[in-house]
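Sequences and hints are given; from them, build the entire structure.
Note that the protein sequences, when read in sequence, are chains A and B.
Each residue of the first sequence is one higher than the last, beginning at 1 in the UniProt record's numbering.
Each residue of the second sequence is one higher than the last, beginning at 1 in the UniProt record's numbering.
It is worth saying that the hints were derived from the structure and are not from the lab.
Treat the hints loosely; a few may be bogus.
Identical copies go unnamed one by one, so any copy, or any two together, can satisfy a pair.
Unchecked claim - Derived lysine to any residue pairs resembling SDA-like cross-links, with alpha carbons at most 20 angstroms apart:
#1 Lys18 <-> Ser7
#2 Lys205 <-> Ala157
#3 Lys205 <-> Glu80
None of the values given here were measured: they were computed from a predicted structure.
There are 2 protein chains.
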Amino acid sequence: MKLSELSTETGVSTASLKYYLRESLLAPGEPVTRTQSEYGPAHVERVRLIRALVESGGLSLAQVRRVIDALDSPTVPRHELLGVAQEALMDSERFEADADWTAVATEFVERRGWRIEDGEVLLPQLGAQLKALADTCDVGGRDTVERWADAAEIVAASDLDTLTEDDAQALRTAIVGTVLSDKVLQTLRRLAQQNRTAQLYEAAKRSDQ
Amino acid sequence: MKLSELSTETGVSTASLKYYLRESLLAPGEPVTRTQSEYGPAHVERVRLIRALVESGGLSLAQVRRVIDALDSPTVPRHELLGVAQEALMDSERFEADADWTAVATEFVERRGWRIEDGEVLLPQLGAQLKALADTCDVGGRDTVERWADAAEIVAASDLDTLTEDDAQALRTAIVGTVLSDKVLQTLRRLAQQNRTAQLYEAAKRSDQ
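In structure tokens, the structure reads:
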């Protein structure tokens, strides 16, 4: 198909497609004439992936590039899949490590009994995030973080179950699934907050009667 | 304090502070001379808030503006706090509603027995996110979403508990807490994935012996 048809098929403007081509996020098509190339199903799939990562996942183009580089790299052993996914998604520029809070995060994880392979980035990141919460709104005491960790365990068990089936697309599933389902979890949290608010409101009304 | 001292106190460059002032994210200081103003503790607090939302929360400046407008608005009744927070954080431009997937999301929430006050935005958003997952990596079947919803209920119950105490800063806590703790939850998920991977690996080794 022509570039204009790839645009129709994917719902992405030709201007954006040309940008993806220029930035090598999308492989060039097969040249047909001096000014025209032919694009195939692999291009459609790649464009849909970029679009999902940007629009639904909220990734920057720099993050999309890291994800795509990881996907284009040679096969990764199953037990390293989530590690590669995590690395591709890391915002290491986004936080400033704080030694005291890294220690808080490390101690939390140890008390929880979690075995962490590679905490050099994630533990300082968790510490910086807990510091930001404590500094700005006094949220994130030990009890709260314990409850969040309970929730995280449920999600992680589900994540690993998704990956145990034999799947040629496993890395793609690990990366894309993680990015997009982070967003689904945020939306479910908002919905569950509304439900919980309604429940508490009903309970308060009953106890007033 | 002078602008340069505000910069030292908060760790935000004077260029960024001038930008916040120009964009009215930060109130002007008290004029002292024709070229100098005096800034106080309220400025320090506001700059720390903006910084946390941008750096730790990953919000765009447009989102920061919505959050700040909500915070600067008159007192909001307790039961509307999370609604105002949700509205301030909404990325309505980020997704395209799909009627079939909105129906899937609505049916899911109903089956779950969740009472949703105001699903006009959140249900199409959930639908679009589930569609993106299904389209790109075949993740997000009913069982998986049920497990995510279990996790979301734990987090939402914790969120509401945080807000029940009497607190003049409740809206701030609702908004900032939600933004920053979304990030904490993402990090805890990554850590829990590592722990779960280690557990499964151990179990596989034992069953090989």
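| Tell me, which hint numbers fail for this structure? | none
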